[in-house]
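Chemist: Chain by chain, the residues:
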Amino acid sequence: MPLLADVQQALATRFPDLRFSEFRGDTRAVASRDAAYAVLAALKNDFGFDLLVDITCVDYLNYRDARDRFGLVYLLANTATNARLTLRVFLNEPELSVPSAVPLWEGANWLEREVWDMFGVRFEGHPDLRRILMPDAFAAHPLRKDYPLQGRGERHNFPVLTRNQG
Amino acid sequence: MPLTPAVATQDIAHDEPQDYLWTLNFGPQHPATHTTLRLVLKLDGERVMEAMPDIGYLHSGFEKLGEHLDYNQYVTVTDRMNYISPLANNVAWHGAVEKLLGLELPPRCQYIRTIICELARISDHLLCNGAVGLDTGAFTFFLYAFNQREALYDIFETLCGARFTNSYTRVGGVMYDFTPLVVQKIRAFLKEFPRTLEDMERLLNRNRIFIDRTKGVGLLSAEQATNRSASGPIARASGVARDLRKDEPYLAYRDFDFQVCCSKAGDCLARYLVRMAEMRESAKIVQQAINNLPAGPVNVGIDQRTAIPTKKAVYSTIEGLISHFELMMSNRGFETPHEECYSAIESPNGELGFYLVGDGTDTAYRARCRPPSYIHFALFPDLIRGHTLSDVVAVLGSLNIIAAELDR
Numbered sequence: 001m002p003l004l005a006d007v008q009q010a011l012a013t014r015f016p017d018l019r020f021s022e023f024r025g026d027t028r029a030v031a032s033r034d035a036a037y038a039v040l041a042a043l044k045n046d047f048g049f050d051l052l053v054d055i056t057c058v059d060y061l062n063y064r065d066a067r068d069r070f071g072l073v074y075l076l077a078n079t080a081t082n083a084r085l086t087l088r089v090f091l092n093e094p095e096l097s098v099p100s101a102v103p104l105w106e107g108a109n110w111l112e113r114e115v116w117d118m119f120g121v122r123f124e125g126h127p128d129l130r131r132i133l134m135p136d137a138f139a140a141h142p143l144r145k146d147y148p149l150q151g152r153g154e155r156h157n158f159p160v161l162t163r164n165q166g
Numbered sequence: 001m002p003l004t005p006a007v008a009t010q011d012i013a014h015d016e017p018q019d020y021l022w023t024l025n026f027g028p029q030h031p032a033t034h035t036t037l038r039l040v041l042k043l044d045g046e047r048v049m050e051a052m053p054d055i056g057y058l059h060s061g062f063e064k065l066g067e068h069l070d071y072n073q074y075v076t077v078t079d080r081m082n083y084i085s086p087l088a089n090n091v092a093w094h095g096a097v098e099k100l101l102g103l104e105l106p107p108r109c110q111y112i113r114t115i116i117c118e119l120a121r122i123s124d125h126l127l128c129n130g131a132v133g134l135d136t137g138a139f140t141f142f143l144y145a146f147n148q149r150e151a152l153y154d155i156f157e158t159l160c161g162a163r164f165t166n167s168y169t170r171v172g173g174v175m176y177d178f179t180p181l182v183v184q185k186i187r188a189f190l191k192e193f194p195r196t197l198e199d200m201e202r203l204l205n206r207n208r209i210f211i212d213r214t215k216g217v218g219l220l221s222a223e224q225a226t227n228r229s230a231s232g233p234i235a236r237a238s239g240v241a242r243d244l245r246k247d248e249p250y251l252a253y254r255d256f257d258f259q260v261c262c263s264k265a266g267d268c269l270a271r272y273l274v275r276m277a278e279m280r281e282s283a284k285i286v287q288q289a290i291n292n293l294p295a296g297p298v299n300v301g302i303d304q305r306t307a308i309p310t311k312k313a314v315y316s317t318i319e320g321l322i323s324h325f326e327l328m329m330s331n332r333g334f335e336t337p338h339e340e341c342y343s344a345i346e347s348p349n350g351e352l353g354f355y356l357v358g359d360g361t362d363t364a365y366r367a368r369c370r371p372p373s374y375i376h377f378a379l380f381p382d383l384i385r386g387h388t389l390s391d392v393v394a395v396l397g398s399l400n401i402i403a404a405e406l407d408r
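So the sequences go chain by chain: A and B. Sequential numbering of the first sequence, starting at 1, is according to the working numbering. Sequential numbering of the second sequence, starting at 1, is according to the working numbering.
Keep in mind that the hints were calculated from the coordinates and are not lab data. Only a predicted model underlies this, so the values are computations on that prediction, with no experimental measurement involved. Positions of the beta carbon are idealized from the N, C-alpha and C atoms, including for glycine. Any given hint could turn out to be false.
Said to hold, decoys possible - Which residues of chain B face chain A? A partial, calculated answer using Cβ under 7 angstroms:
hint, residue
1, ASN227
2, ASP247
3, TYR342
As the list claims (entries may be wrong) - Some but not every residue of chain B turned toward chain A, in silico, with C-beta under 7 angstroms:
hint, residue
4, PRO53
5, GLU192
6, LYS311
7, VAL357
8, THR363
9, ARG366
10, ARG370
As the list claims (entries may be wrong) - No farther apart than 27 angstroms at their CA atoms in a straight line, the calculated lysine-lysine pairs in the DSSO-like style are these:
hint, chain 1, residue 1, chain 2, residue 2
11, B, LYS99, A, LYS145
12, B, LYS246, B, LYS264
13, A, LYS44, B, LYS264
14, B, LYS264, B, LYS311
15, B, LYS264, B, LYS99
16, A, LYS44, B, LYS191
17, B, LYS246, B, LYS191
18, B, LYS284, B, LYS246
19, B, LYS185, B, LYS215
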């Protein structure tokens, strides 16, 4: 369900820097990197967005008309009114970090670990920011657009252990 | 009897020196994990003090592949995410693509997709509950469940030729229309299935051993469920009455009479009971849909330029011929807006959504999957803390972790 007009109005008055847009019935808002945590906290505590649906990231390296490298996406939902809101935060190197949302939603823990693993975006204050899907020793962030589909030889340079060596 | 709740033992574990704890490696290859996942358990005797999940063994870069396969090709990859109910994944994927394109599906297609989604839900819950029974010692129950799954596989095979990885949907429609034989088989299944469900409920619902193994195990409160992004039967078993089929009706769910099944207990038994109740509601939905299946085209029209036109249209109209050529030529395809959107369905396991970024071509720029298994597995260390080692399989089974979806 799209965001109700009065909620959007209240949000816009409180955070004048938020840029709203609409696409196919979804309301999206863009927040700056510095305001991201304040906006998330307000959405959770004052606007009833108690469900963090997903955190993901998009690498806009070759995207047409893109001005920023990474776009963090927070998908939020209000379980009482069933309203949904997409909050986007754009990031550029070298400042690839935002405050962690784990103090607000515990569910953010693994979602942020996956974004760190796949894109190399750091979450300040995360309790356990380790790689989650890739091996700990993996050097790259594979969902970045400059990482090739077939990898950089990690797979076929894998050390092979034979039974006798074990 | 209820086992010691997690909170009671937590303090002991932290107050005393822990060098007497011993570590057990559970998985990655273990019959009770059902798939490839690993748990490192810290045990005090038989009691689990800490569980550390280690995932990624099945990571195969599905989201990276989504940036290189076109919207119709990628449906084969979605099959392999939650392979217990691939049809629901197909519908979720193409639902997201159609939202990005702004396509409105014809009523027959919406009904067909609703029916296959609900059949997929039944097949998923049958496996999940069957496996919970199997892991807690009720082997016969598992066989009852798998017998009905076989009937469902038979329907899917008649429907699209594949039993396991169906890849049934297409952008703007489905691969084949329902044939009279499919309808007949679904009707036969609906006649047989409630009887089996009753048998299954009689076997396990009041079974002393099963109740002792599952009641009070793996407690999740409603606040925790929402705060930790749980969805689907797991959130509903904790008392969160959230079901996208009711809350954000998609496809044809608005037309049907069904109930959202909830429980307040939040333990493994409640999750089992919610799934059992949901199967009955799903059968109700399929019954209503099959009785009111609208006639008409199953794919969107030629003017939408996304679904392959019928052979009759290709051979007798110029628009059909042009559309067919454009879709078949590798340098044409259809255009998508430079936009991004999120669309989700209530999959058997919870909210399954895709966040798509379109870049003008018929391949996604970014295809993010919101996997319910991944989010539910993050709950696991808290659900198991303080319970015994034998409860690990009960909790793991009740969360229905599908490792292919967990790691993607």
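Chemist: Against this structure, judge whether each hint is valid.
Modeler: Here's how the hints hold up against the structure:
no., hint, in the structure
1, ASN227, "5 angstroms, holds"
2, ASP247, "5 angstroms, holds"
3, TYR342, "6 angstroms, holds"
4, PRO53, "9 angstroms, violated"
5, GLU192, "36 angstroms, violated"
6, LYS311, "32 angstroms, violated"
7, VAL357, "6 angstroms, holds"
8, THR363, "12 angstroms, violated"
9, ARG366, "5 angstroms, holds"
10, ARG370, "4 angstroms, holds"
11, B:LYS99 - A:LYS145, "24 angstroms, holds"
12, B:LYS246 - B:LYS264, "19 angstroms, holds"
13, A:LYS44 - B:LYS264, "24 angstroms, holds"
14, B:LYS264 - B:LYS311, "54 angstroms, violated"
15, B:LYS264 - B:LYS99, "35 angstroms, violated"
16, A:LYS44 - B:LYS191, "47 angstroms, violated"
17, B:LYS246 - B:LYS191, "26 angstroms, holds"
18, B:LYS284 - B:LYS246, "15 angstroms, holds"
19, B:LYS185 - B:LYS215, "37 angstroms, violated"
When the structure is compared with the earlier hints, violations turn up for hints 4, 5, 6, 8, 14, 15, 16 and 19 and for no others.
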